[in-house]
Amino acid sequence: MVNRIRFANLPTRIERLNRLSKELGRNIYIKRDDETGMEISGNKIRKLEFSVGEALENNCDYLITCGGIQSNHARATAAVAAKLGLGSYLVLKGDENEEAEGNLFLDKLLGAKIKFITKEEYKYNRKEIMEDIRKSLEVEGHKAYIIPEGASNGMGSLGYVNAMEEILEQEKQIDVKFDAIVVTVGSGGTYAGLYYGNHVNDNPATIYGFNICDTKEHFQQIVLKLLDEIAIYTGKGIDVNEDELHIIDGYPGLGYALSRSEEIEFINYIAKLEGIILDPVYTGKAMYGLVEEIKKGTFDKHENILFIHTGGIFGWNREQRGLLK
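Read in order, the letters of the sequence shown are residues 413 to 737 in this note's numbering.
Among these hints, one or two may not hold up.
What the hints assert, rightly or not - Here are the simulated PhoX-like pairs of lysine-lysine, each with C-alpha atoms no more than 20 Å apart in a straight line:
hint	residue 1	residue 2
1	Lys589	Lys495
2	Lys495	Lys520
3	Lys434	Lys684
4	Lys555	Lys584
5	Lys434	Lys628
6	Lys555	Lys525
7	Lys535	Lys555
8	Lys637	Lys648
9	Lys589	Lys713
10	Lys684	Lys628
11	Lys434	Lys589
12	Lys637	Lys539
13	Lys434	Lys707
14	Lys648	Lys628
15	Lys535	Lys628
16	Lys434	Lys648
17	Lys495	Lys525
18	Lys555	Lys531
Derived by calculation from the structure, the hints in this document are not laboratory data.
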């Protein structure tokens, strides 16, 4: 039995984006996973409920994780650690001389220890670096639990298996059947959990992902691996090939956490149209991609589209704010 610690304000509400739906001629809804909490807001907390549950089950007193310098996951991990009286150690891709704003400011406010590493170190050595930190904490008398990037492993992905079941219940309550569910893909766990939950419940919806870094092929392989890991905990494997994973490429823009003016302008457009704030790293790019693909006709066969707002409002930096006209 998986030990789950409950932090999130669930279920998160689903609302119709009336004005956007009218403009695009499609029924577009949004699930407000940005409202799972405040310090721990966003999709990461659903995953952390399971990952931290396992950490406590193993009597760990420290959480180690990694991410970009504006990582929502790192901030949420630091907040959960503070709430539970645990230590947190964050391995962040970036320069220690960068201005402490957004999530980085909150990481420090929450008392996290931080190790800054280069892009190359992050890409090739982050697992070894986290393991070295775990060993050094062990020497100091601590027992640390390592959470991968985005809590995207089999354990963390269980959070979005549960989210899919939550969506199925909400469909009954609001009398709407979603035939397309759309989510950002940044590390793969959210998409994998939704896909698995959709599949095992024999639900006919198509799960779409918009990758905001790397490539479609990269994430298809990651998701296949995560689906196998999820099955270890559930005891039920699913037979899927990469062609069945609908990840739409073409919208990473300049790369992870780097913004183009058209993306910032789009976020501004949605804010004024619907009173909803997207973030420049994840949901802004994914929703921008969704709207562009709707205009291209990619979603013509779908009647009701649900977009998962995975949070990230704290991730704005000075450069991105400067692109706002």
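Are any of the numbered hints broken by this structure? If so, which, sorted upward? 1, 4, 5, 7, 10, 14, 16, 18
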